[in-house]
Amino acid sequence: MGFHHLDQYADTESGLKPVAPAARVLGTLAIALGAASLPPGAWLEMLVPLLLVLGLSRVARVPLATLLRRASVPLGFLALASAGLLVLSPGNPVATIGPFTVTDGGVTLVGSALLRGGAAIGAGVLLVSTTRFPDLVEALRELRLPAVVTAALGLAYRFLYLLTDEMAQLHRAAASRNAGGGRVARRNLMLGITASALTRGFARSERVHRAMLARGYTGALPSLHPHPLDARSAGAVLALSLLLAAVVVAARLR
Amino acid sequence: MAHIPDGFLSPAVLAGTAAVSGGALWLAARRTRTSLAERQLPLIGAMTAFLFAAQLFNFPLTAGTSAHLLGGVLVAALAGPATAMLVVFSVVLVQALLFQDGGIAALGANTLNLAVLGAGGGWLVWRWLLALLGTGQRVRLVAAALAAFASAMLTGLGVALELSLSGAVPLRAGLLVVGGAHVFVGLGEAVLTGGILALAWRARPELLSALPTAGPSARRWTLAATAAAAGVAVLATLFASSSPDVLQSAAVRFGLRDSSLGSAPFAGYASPLLEPWLVALAGVAVVFLIGYLLLRAVARR
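So the sequence lines, in the order shown, correspond to chains L and F.
Here the numbering used here = 1-based position in the first sequence + 983.
Here the numbering used here = 1-based position in the second sequence + 42.
Simulated from the structure, these hints should not be mistaken for lab results.
All C-beta atoms, glycine included, are put in the ideal place defined by N, C-alpha and C.
Treat the hints loosely; a few may be bogus.
Stated by the list, open to error - Computed from the model, here is a short list of chain F residues facing chain L with C-beta under 10 Å:
1) Asp48
2) Met89
3) Leu93
4) Ala95
5) Leu149
6) Trp170
7) Leu205
8) Gly209
9) Val219
10) Gly221
11) Ala245
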């Protein structure tokens, strides 16, 4: 198992490639925060972050079909999670489905959640499609996230493939001997697999640490592709943030 | 819905939760900088990867439901609360950035619910239970399972409050739906945390984090003080007078009654769901936690 397919557009020559990873992270955050700051029901303004994501995906040469396919799972979860708001949110009744009454407030909230959340999800998909994970970690370090977090993320990324593979192997081995039939047996089996993965993960981390020390590890994890935040990238993020701020102010004043 | 997606929370709630989470993570990072040995860094990486991988697998529960591990108390029991908060935050961050599981703008809220309340709050409950029950290995496992249940409930409470403060759902409906769902999540979390810790400790006993053991007198005092505080709180609400107190009377006399600075969330010990004596008990728990944290901070100096 691997997650390399996620950043398959990282090497594509595009207008987004010269932008520093830290600026991409900040831009993604700006789109997500800008969309989240729009008041419910500001339909026209909600199209702006969505159009920005679509425009940026064109600049980054990420096909629309790929963007939609990758966004479909989180979007489906978003739709599922927000469905309850149709009947839970206060407002005037607009429809009745069985014992539940759909309110106009609920419809506005769900529509707004889908559009605002959709823009944030699209921006996130675009970020991981065009940026390698080690570069993302380096960008987070540049943005002053605690060193222990960035170091843990960098190491976790390395362990993740191994650990998920190991858990899948244990799962396959159990399935091949028909272990875990019935609810209780299955629960015990899953517990055993998870606990085994935990202890194996610890053992592996100790081995990896010894290997890292042997190769000159001093506590810092240097990047192979340093791409620090430059003035041009910072300017692009600033322009994006100002545009979104103007849209939010316009929506709030309307 | 432990991971809140983007689109639900208001800007004020996003900013407030981000500020609280940022402060808590800053404190945790400062704590780990002084207490964490350099050789433990790969261990934290392994724990982050483990928690992420473990959350990919769903476990069958009862009534046709399934749950995945939240893991706050599990990691806190193995590595301490500060490290656990940073590990859970790292997992939440990766899930939001890589898989859009949980919002990017809502990162502060999800960090507060899962890392600060889930891992930090759950660890406090664990320590409280250990102070009451003792620190034998079996007691630790049972206390960890109970604390894991409490941590899931704290997470659910956080989600419900944030959604309610954002105007997405009324507080009562939020507590019933989200809090009710987290009862099942909590049961799963308790079984998983207790089970995984039992198996892991059997395989690697040294994984048990070095906990300062509470002496018998400290335990007796904790038990007595907790029981006394809870008893006083319950009795006080049962026999409380509905007349205004001295300050309220003075405020009315000086014409200040309508110039209050704001309304408290549980004014008059009233709650949309709970009886006043239950609100009082919850208040005792909150005060206990605040006092515990303050005393720990003072004792360390």
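Going through the hints against the structure:
no.: 1; hint: Asp48; verdict: 4 Å, holds
no.: 2; hint: Met89; verdict: 7 Å, holds
no.: 3; hint: Leu93; verdict: 9 Å, holds
no.: 4; hint: Ala95; verdict: 5 Å, holds
no.: 5; hint: Leu149; verdict: 9 Å, holds
no.: 6; hint: Trp170; verdict: 25 Å, violated
no.: 7; hint: Leu205; verdict: 9 Å, holds
no.: 8; hint: Gly209; verdict: 8 Å, holds
no.: 9; hint: Val219; verdict: 7 Å, holds
no.: 10; hint: Gly221; verdict: 13 Å, violated
no.: 11; hint: Ala245; verdict: 5 Å, holds
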